[in-house]
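Enquirer: Start from the sequences, fold in the hints, and give me the full structure.
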Amino acid sequence: MQIQTAMLHVRGASWLHRLSPIAKLAWLVAIMCFAFASYNPVPLFAIVLAGLVMAMTAGLLTPILKVLLVFTPVTASMLVIQAIAPAVCSDDCTPATTIGPLVIYQEGISHGLSLTSRVLSMEVIAILALITTNPADLFSAFARLRVPYMLNFMVSMTLQLIPVLQREVQIVLSAQRSRGMKSHGFGSVVPSFVPVFAGAFERVQQLSISLESRAFGSSGQKTSYRQVRFGRLDRAVAILGLAVGLAGTVVGLIWWSADATPVIVLPVWATVAIFIVAAVMFVGIIVAALLAIARS
Amino acid sequence: MSAVVGIDRARYVYPRGGVVALEEITVEIPEGQSLGVVGQNGSGKTTLTKLMNGLLKPNSGRVLVDGRDTAKASVQELAGDVGYVFQNPNHQLFAPTVADELAFGPRNIGVPEAEIPERVAEAVEFFGLADILALHPYRISFPLRKLVGIASIFTMRPRVFILDEPTTGQDHRTTSTINRLIRRLRDRGSTVVCVAHDMPLLADVSERLIVMWNGRLIADGTPREVFADRAAMERTHLAPPQITQLSLALPGRTGRPAALAVGELVGEFGGAVGSAGTGSGEA
Chain A
1 MQIQTAMLHV
11 RGASWLHRLS
21 PIAKLAWLVA
31 IMCFAFASYN
41 PVPLFAIVLA
51 GLVMAMTAGL
61 LTPILKVLLV
71 FTPVTASMLV
81 IQAIAPAVCS
91 DDCTPATTIG
101 PLVIYQEGIS
111 HGLSLTSRVL
121 SMEVIAILAL
131 ITTNPADLFS
141 AFARLRVPYM
151 LNFMVSMTLQ
161 LIPVLQREVQ
171 IVLSAQRSRG
181 MKSHGFGSVV
191 PSFVPVFAGA
201 FERVQQLSIS
211 LESRAFGSSG
221 QKTSYRQVRF
231 GRLDRAVAIL
241 GLAVGLAGTV
251 VGLIWWSADA
261 TPVIVLPVWA
271 TVAIFIVAAV
281 MFVGIIVAAL
291 LAIARS
Chain B
297 MSAVVGIDRA
307 RYVYPRGGVV
317 ALEEITVEIP
327 EGQSLGVVGQ
337 NGSGKTTLTK
347 LMNGLLKPNS
357 GRVLVDGRDT
367 AKASVQELAG
377 DVGYVFQNPN
387 HQLFAPTVAD
397 ELAFGPRNIG
407 VPEAEIPERV
417 AEAVEFFGLA
427 DILALHPYRI
437 SFPLRKLVGI
447 ASIFTMRPRV
457 FILDEPTTGQ
467 DHRTTSTINR
477 LIRRLRDRGS
487 TVVCVAHDMP
497 LLADVSERLI
507 VMWNGRLIAD
517 GTPREVFADR
527 AAMERTHLAP
537 PQITQLSLAL
547 PGRTGRPAAL
557 AVGELVGEFG
567 GAVGSAGTGS
577 GEA
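Those protein sequence lines, which keep their order, are chains A and B.
For the first sequence, my numbering gives the first residue as 1, with consecutive numbering after it.
For the second sequence, my numbering gives the first residue as 297, with consecutive numbering after it.
Treat the hints with care, as some may be off.
Said to hold, decoys possible - Mimicking DSSO-like on lysine-lysine, the simulated pairs with C-alpha atoms at most 27 Å apart in a straight line are: (1) A:Lys222 x B:Lys368; (2) A:Lys222 x B:Lys353; (3) B:Lys353 x B:Lys368; (4) B:Lys353 x A:Lys66.
These are calculated hints, taken from the structure and not from any lab test.
Remember, predicted model here, so these are calculated numbers, not experimental data.
Expert: Listed below in structure tokens is the structure:
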């Protein structure tokens, strides 16, 4: 049974869990560099596919898909908005087809696919790294990479506060619903912000007092109870990741940059299919979420 | 008495982590009863009460509130019948003033505007909140915030009043007020479900106690019966009130019902005690 703990971490013993966080961070940095350098959606979607295959081999396909689902409206919105209002061309855009009153542009679909594939490739690899790394190990890994202790601590605490706040929001919404508050629309959620943020400030204040009372901020070498292993295999994987990232970035900048990559011209049926799928994901998930809130 | 809450073989498994919180629980709560729910942390007490107001829906079995299946009703629909006081008042309070906080619930459940001031006034008088009515709930002390949280449900006048650990972290005065509240609700014919680790309070105000252990209901009876059930007490690591323990341990009392208050035990020996020794919260 997989147990979800703080942050997005899913406990387990897969090969991805056993891999050193430093090696995973190296691959994450490499993919991010490549994603920013490349404009061609084909290699970027290939990375997404490879990430999902890796997740499958580690038995993590379901958790990763669940997290991706949360980001789906945002990713799908890029495709939908770019398709009908491309940012890359203005008057000289080439219409691919029309759906009712909407005109779908070739440049828009192409640009939307590039943006979506960039975001998705980074998302998949980042989520894979996060769900297979214990938060404490991530902290140790940053420390080993000589990230300043204070900065490392701040990042680590911030990441750990996210699920705490998520849980708090759920409890506060439950408390308000128990008093008959209708959970429809943004206006009804606003009252819940007060207890959540007041609670968050109080929590942070108590945390800072608690840290100070335990000598946080004192000088000297900081040690960590958990030690991050960084063996020969981890080192090799990390070096390979950085090398692939460097090579990919160079290739991306030379052959797959925004200037070098031609606009992808898809058949009309494919353009329509992509647009409809993205629109359904964009609107459908938001509507489904609102309906779920209304039913609860 | 007819059952206002009927739980029939309800099972609940938390979706995250697959923890089985309740295993086929069956319990009926008659209208007007004051029920105490005890058990160790993680035994399923809060999950059980959250089934009653529809915050959680059972995976199998049924939960009926006044004959209405909670699986088919929203929390908001049930809010008028089942009032739930959360353990942490900070989760409930948000309005700019205490007065607004007290009016929030009745307004949501459709109480006529003309009737709301009367309900607020009753709560203010009962809980002694007159001096803080214009203050922001976050500017008052934690015990007072707790009382405001309870008062904000009190103004909704639900038929079933659920209190989740109402006395945890509270001073003697607030505990006494909560004790008086439960008695008053009981006298008014409301059904009270109180989840607590405060055994003297439950001994004082409950007509019936149920004991939860690992998601199961392992004992059900009057406080005297339950506190005398050594097996259930040991299994759940619960300790009856000290006076009850003393009454059960005294030689020569074998077979007699456990005493729940100092006055009862002293009375058996022909003595009398003052008001300070009668129970837990009443002072």
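Enquirer: Would you mind marking each hint as holding or not holding in the structure?
Expert: Here is what the structure says about each hint:
| no. | hint | result |
| --- | --- | --- |
| 1 | A:Lys222 x B:Lys368 | violated (55 Å) |
| 2 | A:Lys222 x B:Lys353 | violated (48 Å) |
| 3 | B:Lys353 x B:Lys368 | holds (9 Å) |
| 4 | B:Lys353 x A:Lys66 | holds (22 Å) |
When each numbered hint is compared with the structure, violations occur for hints 1, 2.
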